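Participant: The lines below spell out each chain.
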Amino acid sequence: MTNSEHTAADSVISLKHELRRGDFELKVDVQIPAKGITGLFGESGSGKTTLLRCIAGLEPGLSADSRPVHKRRIGYVFQEPQLFPHLTVQKNIEFGTRRASKQTVNPRRAIEMLGLGDLLDRKPGGLSVGEAQRVAIAAVLLRSPALILMDEPLASLDQRRKEELLPYLDRLHDELSVPMIYVSHSIDEVSRLCDHLLLIDGGKIVGSGELHEMLARLDLPMLSGPNAGSVIEATPAHYDSDYDLTQFGFSGGELFVPGQYDTNADFVRLRISASDVSLCLTRPEKTTILNILPAKVDEVEDAGPSSALVRLVIGSDKLLARITRRSATRLDLKKGDSVFAQVKSVTVKR
Amino acid sequence: MDATVGMVSLAPLLLSAQLAAVTTVVLIVIGTPIAWWLSQTPSRWKPVAQAIVAMPIVLPPTVLGFYLLILLGPHGAIGSWWVELTGSALTFSFTGLVIASCVYSLPFAVQPMQSAFESLSRQTLEFAWTQGASKLDAFFSVAVPMSIRGFIGAAVLSFAHTLGEFGVVLMVGGNIPGETRVVSIAIYDHVETLAYGAAHQMSLLLLGFAFLVLLGMFVINKRWSMR
Chain A
61 MTNSEHTAAD
71 SVISLKHELR
81 RGDFELKVDV
91 QIPAKGITGL
101 FGESGSGKTT
111 LLRCIAGLEP
121 GLSADSRPVH
131 KRRIGYVFQE
141 PQLFPHLTVQ
151 KNIEFGTRRA
161 SKQTVNPRRA
171 IEMLGLGDLL
181 DRKPGGLSVG
191 EAQRVAIAAV
201 LLRSPALILM
211 DEPLASLDQR
221 RKEELLPYLD
231 RLHDELSVPM
241 IYVSHSIDEV
251 SRLCDHLLLI
261 DGGKIVGSGE
271 LHEMLARLDL
281 PMLSGPNAGS
291 VIEATPAHYD
301 SDYDLTQFGF
311 SGGELFVPGQ
321 YDTNADFVRL
331 RISASDVSLC
341 LTRPEKTTIL
351 NILPAKVDEV
361 EDAGPSSALV
371 RLVIGSDKLL
381 ARITRRSATR
391 LDLKKGDSVF
401 AQVKSVTVKR
Chain B
310 MDATVGMVSL
320 APLLLSAQLA
330 AVTTVVLIVI
340 GTPIAWWLSQ
350 TPSRWKPVAQ
360 AIVAMPIVLP
370 PTVLGFYLLI
380 LLGPHGAIGS
390 WWVELTGSAL
400 TFSFTGLVIA
410 SCVYSLPFAV
420 QPMQSAFESL
430 SRQTLEFAWT
440 QGASKLDAFF
450 SVAVPMSIRG
460 FIGAAVLSFA
470 HTLGEFGVVL
480 MVGGNIPGET
490 RVVSIAIYDH
500 VETLAYGAAH
510 QMSLLLLGFA
520 FLVLLGMFVI
530 NKRWSMR
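Protein chains in written order, with this note's numbering: chain A, 61 to 410; chain B, 310 to 536.
Fair warning: there could be bad hints in the mix.
These stretches of chain A come out as covered by chain B in the derived footprint (C-beta under 8 angstroms, 3 or more residues) [said to hold, decoys possible]:
| id | segment |
| --- | --- |
| 1 | 155-167 |
| 2 | 361-373 |
List time: in silico DSSO-like cross-link candidates among lysine-lysine, alpha-carbon distance up to 30 angstroms [said to hold, decoys possible]:
| id | chain 1 | residue 1 | chain 2 | residue 2 |
| --- | --- | --- | --- | --- |
| 3 | A | K356 | A | K394 |
| 4 | A | K162 | A | K183 |
| 5 | A | K183 | B | K444 |
| 6 | A | K131 | B | K531 |
| 7 | A | K183 | B | K531 |
| 8 | A | K222 | A | K95 |
| 9 | A | K356 | A | K76 |
| 10 | A | K151 | B | K444 |
| 11 | A | K87 | A | K151 |
| 12 | A | K151 | A | K76 |
| 13 | B | K444 | A | K76 |
| 14 | A | K356 | A | K346 |
| 15 | A | K87 | B | K531 |
| 16 | A | K404 | A | K356 |
| 17 | A | K162 | B | K444 |
| 18 | A | K222 | A | K151 |
| 19 | A | K395 | A | K356 |
| 20 | A | K404 | A | K394 |
| 21 | B | K531 | A | K151 |
| 22 | A | K131 | A | K151 |
Computed, partial: chain A to chain B, Cβ under 7 angstroms [unchecked claim]:
| id | residue |
| --- | --- |
| 23 | S126 |
| 24 | H130 |
| 25 | F138 |
| 26 | H146 |
| 27 | G267 |
Keep in mind that the hints were calculated from the coordinates and are not lab data.
Just so we're clear, the structure is a prediction, and the values are computed from it rather than from any experiment.
Ideal Cβ positions, reconstructed from N, Cα and C, are used throughout, including at glycine.
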């Protein structure tokens, strides 16, 4: 951190940290946008948590910021919610508020946003992990930090609890201006929540950029493996009740997705896994695939001994398709070719 | 000070209670930072410090008392300084007894607090720091309340152990009524002079007193742990 007191006014946050521990060396010098959620994505042992701890001042590493932890105004949501067991939920939330120099988030709004109204008089011992994590997030918000760090806040929850907590995180993203670094090893969570992506491997940042751009890159091994896929912002246009399909409009045309989605929403995020996209040189007819989009090939790159990734341009969006190397050779795919992308499945992230 | 029950003067009993109470308060105050340091330090000197703190458990009270007598005596390092400062000697005084009791009961105060501090989750403290609490603030607002059972344990043991001390008091305090004549010494005196009736009464009083104090504290401890 250069100076977290001023980051709100600046457009970027500088992260410059060095730490050596045994064989592991963390060396980071990167800038992230001072708004929205930055996903910190990497495998376990890549240094994600260590970097967060350096940013917060919890590690004795080399950092541009010499201030003690409590003066940095950096909120930290731990993987396991760390509440104070001797205090009620209300007092837990007030702990940081009382020590904050200014109040940027209205306490009632945070309590309402995280659905804590009924929990305020309880002690942390009686909360579920999901509830405790929501309390911890509210407590961190109300400390009015200049930057919030979240270290896999969903990792200690089962799938159902994750699904319960995610909408709360969506709301934070949509309604709050405070920048956030969100650590995860789940590309699903990252593509749902984040605007910017940092890739970390072996203690080094190996990629940094806007989420859609990053997902469309073929040169990052971390994102071209099973994780490969694209995210498209689309507007829900119409719900067809006869077939229970929602039609979404995006820059490159239309997509039909099973189920009913709120057509009042401005836009939603759709995630399309590269493995769910296949290519055809002519418009396929008499096919069961619902979504067929005309596209241009932008780049073809081998992604393993048998598979290749193709980046397509559709409108202003980019779409990844995973095909076999054999097909790539047989169809002689190269930049500029016109193809039809058959999209087998689309997930609505939010 | 000359209230009596039956043929027994209550003064030694009250003096013992007073000594135990003062010692307990002093030990909580000085034992807390020692226990905190021992629970948190990565220093390789930790075992040495632990051994020094635990010595009074192993040493015969006479050995401890002997060294304290030398140290606190009017010609000793601490004693001579005290004489210069106040004009009176530390040995054979209530203040001297408090100092001796604190040394004697130190491990009984430090160890429960240390183990309570050691069981604290480091991340909970880290959360407190990131929530804007300085280390000192986090210590008092998080570590202490979370370790309350350790403090209760330390208080119970310090109080009980001081109440039961004999050898060190005999060496350092002697037997001055109202000043250093604590209940254990008084009972010894009664037995020496074959006043078995008085010894019985005083012993029974101490027995009941000790039981009630311990019972009270364990009940409080249980209440706390159920919250």
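Participant: Run every hint past the structure and note whether it holds.
Facilitator: Against the structure, the hints come out as follows:
1. Here the segment 155-167 of chain A counts 4 residues with a CB under 8 angstroms from a CB of chain B, which clears the bar of 3, and the coverage holds.
2. Given a C-beta distance limit of less than 8 angstroms, the hint that chain B covers the segment 361-373 of chain A is violated, as 0 residues qualify and 3 are needed.
3. For the hint linking A/K356 to A/K394, the alpha-carbon distance of about 10 angstroms falls within 30 angstroms, and the restraint holds.
4. Between A/K162 and A/K183 the CA atoms are separated by roughly 27 angstroms; this keeps the pair inside 30 angstroms, and the hint holds.
5. At roughly 24 angstroms between alpha-carbon atoms, A/K183 and B/K444 fall within 30 angstroms of each other, so this suggested pair holds.
6. Proposed proximity of A/K131 and B/K531 is contradicted: the alpha carbons are some 38 angstroms apart, above 30 angstroms.
7. Proposed proximity of A/K183 and B/K531 is supported: the alpha carbons are some 18 angstroms apart, at most 30 angstroms.
8. Straight-line distance between C-alpha atoms of A/K222 and A/K95 comes to about 24 angstroms, which keeps the hinted pair within the 30 angstroms bound.
9. Distance check on the hinted pair: A/K356 and A/K76 sit about 40 angstroms apart at the alpha-carbon level, beyond 30 angstroms; violated.
10. Between the alpha carbons of A/K151 and B/K444 the distance comes to roughly 19 angstroms, so the proposed pair stays at or under 30 angstroms and holds.
11. For the hint linking A/K87 to A/K151, the alpha-carbon distance of about 38 angstroms lies beyond 30 angstroms, and the restraint is violated.
12. The straight-line distance between the Cα atoms of A/K151 and A/K76 is roughly 35 angstroms, outside the 30 angstroms bound, and the hint therefore fails.
13. With a C-alpha separation of about 25 angstroms, the suggested pair B/K444 and A/K76 falls inside the 30 angstroms cut-off, and the hint holds.
14. This hinted pair checks out: A/K356 and A/K346 have alpha carbons roughly 22 angstroms apart, not beyond 30 angstroms.
15. Taken as a hint, the A/K87 and B/K531 pair is broken in the structure, with Cα atoms around 50 angstroms apart against an allowance of 30 angstroms.
16. Restraint check for A/K404 and A/K356: the C-alpha separation of about 18 angstroms stays at or below 30 angstroms, so the hint holds.
17. Straight-line distance between C-alpha atoms of A/K162 and B/K444 comes to about 21 angstroms, which keeps the hinted pair within the 30 angstroms bound.
18. For the hint pairing A/K222 with A/K151, the CA-to-CA distance comes to about 26 angstroms; that is within 30 angstroms, so the pair holds.
19. A threshold of 30 angstroms between alpha carbons decides the hint, and for A/K395 with A/K356 the separation of about 8 angstroms falls inside it, so the pair holds.
20. Between A/K404 and A/K394 the alpha-carbon distance is near 23 angstroms, which keeps this suggested pair within the 30 angstroms criterion.
21. Between B/K531 and A/K151 the CA atoms are separated by roughly 24 angstroms; this keeps the pair inside 30 angstroms, and the hint holds.
22. For the proposed pair A/K131 and A/K151, the alpha carbon gap of about 21 angstroms is at most 30 angstroms, so the pair holds.
23. For A/S126, the interface hint is violated, since its Cβ never comes within 7 angstroms of a Cβ in chain B; the closest pair sits about 15 angstroms apart.
24. Below 7 angstroms, beta-carbon pairs count as interface contacts, and A/H130 has one with chain B at about 5 angstroms; its hint therefore holds.
25. The beta carbon of A/F138 is positioned within 7 angstroms of a beta carbon in chain B (closest approach about 6 angstroms), and the interface hint is therefore held.
26. With a cut of 7 angstroms, the hint placing A/H146 at the interface with chain B holds, because the nearest CB-to-CB distance is about 4 angstroms.
27. The criterion of a C-beta within 7 angstroms of any C-beta in chain B is not met by A/G267, whose closest approach is roughly 28 angstroms, and the hint is violated.
In summary, the structure is inconsistent with hints 2, 6, 9, 11, 12, 15, 23, 27 from the numbered list given earlier, while agreeing with the others.
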